[in-house]
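Chemist: Each chain is listed here by its residues.
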Amino acid sequence: GAVVSQHPSRVICKSGTSVKIECRSLDFQATTMFWYRQFPKQSLMLMATSNEGSKATYEQGVEKDKFLINHASLTLSTLTVTSAHPEDSSFYICSARGESGLDTQYFGPGTRLTVL
Amino acid sequence: AQSVTQPDIHITVSEGASLELRCNYSYGATPYLFWYVQSPGQGLQLLLKYFSGDTLVQGIKGFEAEFKRSQSSFNLRKPSVHWSDAAEYFCAVGAGTYKYIFGTGTRLKVLA
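Those sequence lines, one after another, are chains S and E.
Heads up: the first sequence begins at 1 in our numbering, then just goes up one per residue.
Heads up: the second sequence begins at 1001 in our numbering, then just goes up one per residue.
It is possible that some hints are incorrect.
Across the chosen pairs, the derived CB separations fall in these ranges [said to hold, decoys possible]:
| id | chain 1 | residue 1 | chain 2 | residue 2 | range |
| --- | --- | --- | --- | --- | --- |
| 1 | E | 1053 | S | 83 | 44 to 50 Å |
| 2 | E | 1058 | S | 39 | 41 to 47 Å |
| 3 | E | 1066 | S | 72 | 37 to 43 Å |
| 4 | S | 53 | E | 1079 | 45 to 51 Å |
| 5 | S | 40 | E | 1056 | 32 to 38 Å |
| 6 | E | 1018 | S | 82 | 46 to 52 Å |
| 7 | S | 61 | E | 1066 | 34 to 40 Å |
| 8 | S | 112 | E | 1002 | 26 to 32 Å |
Honestly, the hints are just simulated from the structure, not real lab data.
Since we're looking at a predicted model, the values are computed, not measured.
C-beta: ideal position from N, C-alpha, C; glycine also.
Build the full structure now, drawing on both the sequences and the hints.
Modeler: This is the structure we're talking about:
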């Protein structure tokens, strides 16, 4: 149980385009989802926290207009990187917490974004 | 301030040897503590977690961790390492509002 998927696993796009990444909880309802960014050989940096049906809470220094997060259902959250630039290239990981998760986050497999 | 420290950036052990990965935290309240493992290009897999109760926690893949409040530590151990254990290991503390604070990670290399 507690499986989280992400799609796509890898995406390459041109500078200036927008990219949408989906995060789904497959076998549980995720009341809260988190989006992280991970640079090579570094730890995870929390970008934002999203609760179903409400606006995401962004961490300090994360541009909310650049990284649009939607959590429209209890099993789906999306991250849209708008007007992507090469510096947005990174590994993006989502996680989900269920109602009875006792603060445990379950992580997706990640999405490798490369902006040319 | 809340923080998690993993003092060892890299650790190399021989297959079959024992392993201990260190994790120290700074947190005002009783922490929720986690260990995750990440293989290259993959997401994070939960190895074990501590919320309360018995301070020695058993996890998957033969891992265990011991919570020591007096030392603010939550070290991960395995008695006999397998080559497939080579990966990046992250310690995390639950920091309220369900957010985590992650350590910087320890990269484990296993020698055949």
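Chemist: If a hint holds in the structure, say so; if it does not, say that too.
Modeler: Okay, the hints, checked on the actual structure:
1. 1053/E with 83/S: 44 to 50 Å: holds (49 Å)
2. 1058/E with 39/S: 41 to 47 Å: violated (33 Å)
3. 1066/E with 72/S: 37 to 43 Å: With Cβ atoms ~42 Å apart, the hint holds.
4. 53/S with 1079/E: 45 to 51 Å: With Cβ atoms ~47 Å apart, the hint holds.
5. 40/S with 1056/E: 32 to 38 Å: holds (35 Å)
6. 1018/E with 82/S: 46 to 52 Å: holds (49 Å)
7. 61/S with 1066/E: 34 to 40 Å: holds (35 Å)
8. 112/S with 1002/E: 26 to 32 Å: Holds, at about 30 Å.
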